[in-house]
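Based on the hints, put chain B in the right spot on chain A.
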Amino acid sequence: MSVDEKKGPSRETIDREIEAAVSSETTGIDPEQADEIREKIRRRVRAEIEREIRIRTAAERREEERKVREERRREKHHEEGEMFQRFNRNFRFQHMVMFSSVIILIVTGMPIKFPNFILSRFFVNLWGGINNSTIVHRIGAGMLIYFMVHHLLYTILSRDGRRDFILLIPMPKDIRDAVQNIRYFLGKTADKPRFGRFSYIEKFDYWAVYWGCIIMIGSGAFLWGESIVLKYFPKFVLDIAHEMHSDEALLATLAIVIWHFYNVHFNPDRFPGTLMWWHGEISEHEIKEEHPLEYEEIMAKRAKQTEAGGSG
Amino acid sequence: MKWRFLCAVIAVLLGMCAPGALPRAEAAISLEKCTLCHGKPEFRKILVDGKIRELFVTADSLKGSVHAKKTCVDCHFDIGEIPHRERPRRIACTHCHYKGNAEGAPQSDGYLAYIDSVHGKAIARGNVKAPLCQDCHGSHAILKAKNEESAVSQKKVAETCGHCHIEIYAQYKTSIHGVAVAKGIREAPSCTGCHGEHKIYGHLDPKSTVYATHVAEQCSTCHGSISIMGKFGIETEQVETYKESFHGVASQFGSRTVANCASCHGTHDIRPQDDPLSSVNPKNVPETCGKCHPGANPNFAVGKMHIDAKKKEAGVVYYVASFFKYLTICTMLALIVHILLDMYGRTKRLRGEK
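One line per chain: the protein sequences are A and B, in this order. Going by the working numbering, the letters in the first sequence line up with residues 28 to 339, in that order. Going by the working numbering, the letters in the second sequence line up with residues 22 to 375, in that order.
Only chain B is shown next, with the shape it has when bound in the complex:
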């Protein structure tokens, strides 16, 4: 009896171990099997349009990546036989990366944001050119975003986006932000710095961080911060002065036609003012202002644009503002005192009469 019970316990324990142990053994085998063909350096396919698809994969392909411990069929799980007859389907990362998964994959809801984003919606509409996770994060050599070598690292993400958005990448690369990122300045924004990571929307979508009325807020996350701008000797008062100007106020009230930061400074091609290619270079100001103010001429460039009437640097404007400040204070004080005296007199007379 005792022996029988022991055997049963062992059998149950073995049974519990088996599901964990078996796939690992299988996977090891399948990796070998995959590299039988894919391990040959000249293993490639010529597509209908003449492009060449490299199909060369070795056991080292995943080495060093976050998926170093995974094997081919962990992701290409639709491969049931070797050699496979059909082209494997595109990888669905959400197979593991969902909240509450048991695989131990990083639990992020980035994919939910992605589904709603402009890229996710394009995929849902059937646009085969729209990017899936692996198009940005890489397929085999996936690294953490913090790793500088990662395709989605601050330094490299622009290049990654540029695979499809090539013209914008060219503009960005020579802009002040692109140059700064290339220099290795961590604070400078790459594509994701302004557009967001997973929740990227078209700039005409009100949810977008670069929607007309959100641009100022988005730029001010860095340009309004003294701790960031102080490092580079850039002033932060532009943010405040813009918000107080008519442009800024109208933008806060939801006007999409009024000028925001990008309307004058450009979007991807932002350059310092002294750069002759800059849209706010005095030479280009007439054209830039002329987008909204018909007939803008070189006189538009005369004088400082961002002006703070509360500071002495504003010159005449400051003195006008102070004049009105004291005029208002004095007049209103005199009037209010007159009213209070009137009330006082009335009260006194009323009491006297009673």
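Okay, chain A solo, but in the shape it has when bound:
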């Protein structure tokens, strides 16, 4: 983290300046009252300076700002309770890169799969014809490849990434959760399954993207370098790549538009969508509802910390 220390006059000079300003401004007033006012101002200014000095790094300042925001929010919507960080900045950035690239890829790719669809011509002409549209598609592809590399490095190098990856591995519990969830939908049981940090729905989304990225980037690379591929492979290799690219594109698009959009947009709990992808925070109310096991874990950890802090 970059350190952006506040460089300015030392504490003593600030104190002196405050004294001078306060005394010059309060000369005409009743001395007792003036003292009171001086004391008040002094306290306020000192608190402000203390805060400035305390916040030394950018991360600290962001944390401080978050706290201020949190306080303000809690005044407004106290029913939601505390806000927990669910997705860190890096993760949110990856998601943004991915969805913008996927939108670009769908908009420029689908017209090629369905040239007779009524809007296809519009979407191709939007970029100024098929030649430009293919260039835009390759820009989107570049973004998706970047995302994939970034995410792999994130999974390997970042502590949060490693933790999330392990938590995203499918477990037998997910099958039990899925069965229970369906029983819950049908009204056979009154209890919702209790999810951890990632529910089986989210795990499915994650691995669907993984599978999709591998297929699409792999086959897309073949199609991108078609002249080179044809030099060394028979044509059916390119045909397979073409078929895979086109079919997996449809599957991915349907999964996003139907499944993902339902879960995060059209679902009555979320409609028309939350801003979690932007600020990455989840409210206490929601985390208790959707990820109770994670909430319990956080609480347990906090209790341990305070215990340790209290004893130490």
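Just so you know, the hints here were simulated from the structure itself, not pulled from any lab data. What you are looking at is a predicted structure, and each value in this text was computed from that prediction instead of being measured. Quick reminder that beta carbons are idealized off the backbone N, C-alpha and C, glycines included.
Not close to chain B: a few residues of chain A, all C-beta gaps over 12 Å, as computed:
(1) 57
(2) 61
(3) 62
(4) 84
(5) 96
(6) 111
(7) 113
(8) 117
(9) 172
(10) 177
(11) 233
(12) 241
(13) 305
(14) 325
On the chain B side, residues computed to face chain A include the following (Cβ under 8 Å):
(15) 271
(16) 323
(17) 326
(18) 337
(19) 342
(20) 345
(21) 349
(22) 356
(23) 366
Relative to the frame of chain A, chain B by itself:
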């Protein structure tokens, strides 16, 4: 009084007959007069460039043609005296052949299409070598296009076009289409089959039937028709497979650089694949593909080009396609059922709560 009236009626009737009767008499005379000079077999003129212009015309010249009943001055109407001093102007067929003409000439708007065509425009620009009607249809021996002897019949039109487009004619003559036409196959395309009859445009003109993005459509008028191709045992799936390939899709979206039928198979020199001169013969594939894909090597010729993933003949591609088909169907079914169940549960709980 009665006599006078009768005389008047006769006079009027005669007057009405006269315009019709008189030219015919005149024409008969003028034909005789024309053949006075033009009827001599050695009547010819040596032009400045040394070429010889045959001017020999007899009363039989129009015999058998569609204009058998016409006479010289019907078309050479600018000849007012004999012998004429100036060279007669080129014939304007539109003198009679326009829509709504009273002569009884076939009413076609072919000439309108011609005026807009590449030939008509060249004439309008003052190119004296560009063809007028008579350059293709013939001057005296004009026959209906359906007549095999006509200069514009399916069999002969290539030769007629070849008068000017000689190199293309040479290529076409030995191509699969040229050979088929020579064999007398009615379905095989001659020049006009692809380029159109009167509305011929340069291949870079978007109006042209052989403009880059129109080529596939033009070829598919025959090659997409099972009833035509069935006769010769040629498959029609090439059309569909091309349309579904990236080349075909990009072409439909207006790309002029992407490959169309002609880019690979050639234009006038289309030959069957097993012909060593064919551009799609495995030996020539590297060169053909290399026009667009730099560094194409003989490996480009390995495997089938036109492939239909929906058919079992496609081999691995078919199985990949089927795998993805069932994967998509199963996944989406499962997901949609999950969504519907979720909705069902929500509705039920909502009602229960209320």
